[in-house]
Amino acid sequence: MENLVQNIINALQWGSFYALIALGYTLVYGVLTLINFAHGDVFMVGAYIAFFSATFLLTTLGLPGWIALALCIPVTMILTAMVGVTLERIAYRPLRNKGAHRLYVVITALMCGLILEHANLAIFGASRKAFPQLIAEHVYTIGGVTFTNLKIAVIATAFLAFLFLHWMVTRTRVGMAMRAISYDKFAVPLLGIPLDRIIVVTFILGSGFAGLAGLLFAMSYPVLEPYMGALIGWKAFIAAVVGGIGDIRGAFLGGFLLGAVEIMVVAFFPSTFRDLIAFTVLLLILTWKPTGLFGIAKTTKI
Amino acid sequence: MLLSIENLCVKYGNIQPLHGITFHVNEGEIVTLIGANGAGKTTILYSIARLPPPEAPRVISGDIVFQGQSILQTTPSDVVKNLHLALSPEGRRIFGNLTVWENLKLATYARAKEADLGKEYDYVFTLFPRLKERRNQRSESLSGGEQQMLAVGRALMTGCKTLLLDEPSMGLAPVLKYELFRKLKQLNEEGMTILLVEQNANLALHLAHRGYVLDTGTIVAAGTSAELLGNPEVKKAYLGG
Ligand SMILES: Nc1ncnc2c1ncn2[C@@H]1O[C@H](COP(=O)(O)OP(=O)(O)OP(=O)(O)O)[C@@H](O)[C@H]1O
Ligand SMILES: [Mg+2]
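Here the protein sequences come in this chain order: E and S.
The numbering of the first sequence is the numbering used here, which starts it at 291 and goes up by one.
The numbering of the second sequence is the numbering used here, which starts it at 40 and goes up by one.
Simulated from the structure, these hints should not be mistaken for lab results.
Take the hints with a grain of salt, since some may be wrong.
Here are the simulated distance ranges between beta carbons [what the hints assert, rightly or not]:
| no. | chain 1 | residue 1 | chain 2 | residue 2 | range |
| --- | --- | --- | --- | --- | --- |
| 1 | S | Lys152 | E | Asn387 | 58 to 66 Å |
| 2 | S | Ser109 | E | Trp578 | 51 to 59 Å |
| 3 | S | Lys152 | E | Phe558 | 55 to 63 Å |
| 4 | S | Thr165 | E | Val396 | 46 to 54 Å |
| 5 | S | Gly183 | E | Phe449 | 50 to 58 Å |
| 6 | S | Lys152 | E | Ala446 | 28 to 36 Å |
| 7 | E | Phe449 | S | Arg177 | 46 to 54 Å |
| 8 | E | Trp578 | S | Leu278 | 22 to 30 Å |
| 9 | S | Lys152 | E | Gln423 | 42 to 50 Å |
| 10 | E | Arg487 | S | Leu156 | 14 to 22 Å |
| 11 | E | Arg487 | S | Lys222 | 26 to 34 Å |
| 12 | E | Val396 | S | Gln238 | 54 to 62 Å |
| 13 | S | Arg177 | E | Ala416 | 49 to 57 Å |
| 14 | E | Ser561 | S | Arg177 | 45 to 53 Å |
Note that the Cβ used here is the ideal one computed from N, Cα and C, for glycine as well.
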């Protein structure tokens, strides 16, 4: 029993990272039907931005850890959002305006991701970076179950991010416009809505939360390297697809599902089996429901 | 002159569907464009709404002038926001994944700062009571006629003063068609300028003040509705004898 609760907490924490990243995949896909393969690397860039701002705030300015963290969150989110918006602006928008086929846009996204990875490698070298400790990690033990303040914060952040995005998409005009674009892009300007502005908002949201995930990931696993976004990005993408890409509930659930499967596998099998079994389970889910758990067969997304 | 189209030529890729179109709409008028399938009616409305290629054409020569200013450089969202000109497009193009109410609310995107939009919803709901009954229903589950009402209602919610309508009666039963046309007349009497594209030339000419007849990208006849209704060639080609 204790073991189960422990595993659930671990699964929620691990799944939170997938969920936060998957939300960005699904938002962009929902609006543009573009699989933004650079998104995992945007997460990596977010972790590096967090690293540099945390180091600057702690060491150069000598601020106390919790103030540095409070500043690090908005700085990382804003700067990472700017990276996402820049990709949209210089890579995706020109293709969209030329009416390029989706395949070219997806390939462009893949290349953007590789460019981010290798630019990082070229500029900062292959050596790993150690993320500084911003806040002391407290370990709590209740009835044999241990968790840390950081783990709880990670889980809470993922839930808050989801609730915020869900509110945004269902209740605000901008969110309605995002759903409208996914249904019929052509008719959106007819209502006085600047299409490109809504698309920019989509990238701001997706990349901002990827940046937040990068910060939390770096705090939880404080070793950074240029390829850290690749595998986790692919997995978050798969999580989004399994949940039903284009639907934010799907991305959220898919992220936690993947987290849970991975943790459970490790609990019962040698850890080298983790990805093999996790991907097999996801494959079975997709075979059973090819549109994902929340997916609708039609073009309607988000 | 509120809107004036001057010698307009446009292209879709290499296809040129309009060959020097000139016509105008005065404030407070209902003007109708009639013509056979493929004549270029939708193309004209897309050009005025400044929608982007590839689905809409690009202007190669001529001008579109609104209130004395060329609008060729205006973005489609600014046409709605700043010129208060809205298009209810052919095929309705409502957002089927949104509810009726969300479709209407979305149309107020550019007017979010205006305090009292309640009156505007009420206006649309009085015009089309059906929409009120179904306001929380996903709009793709509306009947064709109801969807058409939503398309018109949505255009009205943008706060437009000039309304472009592309075949608003398409797919409507005759009773609903007459009802819609009565409502358009009412709108016009309250000050709305309307440019109407319609398959049903007879009905359109009975509603409109003036009309233009379009044939493969050229205007072949123009005049008041009475003149066009009495024109033997127009009668023969578009009014069924
Ligand atoms: N996206 C497009 N690409 C290429 N050609 C087009 C496109 N849209 C329309 N056309 C062509 O332009 C011409 C005018 O089309 P348009 O849709 O304006 O006609 P219409 O008068 O509205 O006809 P209908 O009464 O059938 O709606 C047609 O010959 C059509 O084939
Ligand atoms: Mg047409």
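Hints, verified against the model:
The given range of 58 to 66 Å is broken by Lys152 (chain S) and Asn387 (chain E), whose C-beta atoms sit roughly 29 Å from each other. Range check, Ser109 (chain S) to Trp578 (chain E): Cβ separation about 58 Å, and the 51 to 59 Å hint holds. At roughly 58 Å, the beta-carbon separation of Lys152 (chain S) and Phe558 (chain E) lies within the given 55 to 63 Å, and the hint holds. Restraint check, Thr165 (chain S) to Val396 (chain E): a C-beta distance of roughly 48 Å satisfies the suggested window 46 to 54 Å.
The given range of 50 to 58 Å is broken by Gly183 (chain S) and Phe449 (chain E), whose C-beta atoms sit roughly 42 Å from each other. The hinted range of 28 to 36 Å is satisfied by Lys152 (chain S) and Ala446 (chain E), whose Cβ atoms lie roughly 34 Å apart. Between Phe449 (chain E) and Arg177 (chain S) the Cβ separation comes to about 28 Å, which falls outside the hinted range of 46 to 54 Å. Between Trp578 (chain E) and Leu278 (chain S) the CB atoms are about 59 Å apart, so this pair departs from the stated range of 22 to 30 Å.
A hinted range of 42 to 50 Å holds for the C-beta pair Lys152 (chain S) and Gln423 (chain E), which are about 46 Å apart. Between Arg487 (chain E) and Leu156 (chain S) the beta carbon distance is about 21 Å. The supplied range of 14 to 22 Å therefore holds. Checking the proposed 26 to 34 Å range against Arg487 (chain E) and Lys222 (chain S) shows it holds: the Cβ atoms sit about 33 Å from each other. Under the hint 54 to 62 Å, the C-beta atoms of Val396 (chain E) and Gln238 (chain S), about 41 Å apart, miss the expected range.
Checking the proposed 49 to 57 Å range against Arg177 (chain S) and Ala416 (chain E) shows it holds: the Cβ atoms sit about 53 Å from each other. Range check, Ser561 (chain E) to Arg177 (chain S): Cβ separation about 46 Å, and the 45 to 53 Å hint holds.
Going through the hint list in order, the structure does not satisfy hints 1, 5, 7, 8, 12.
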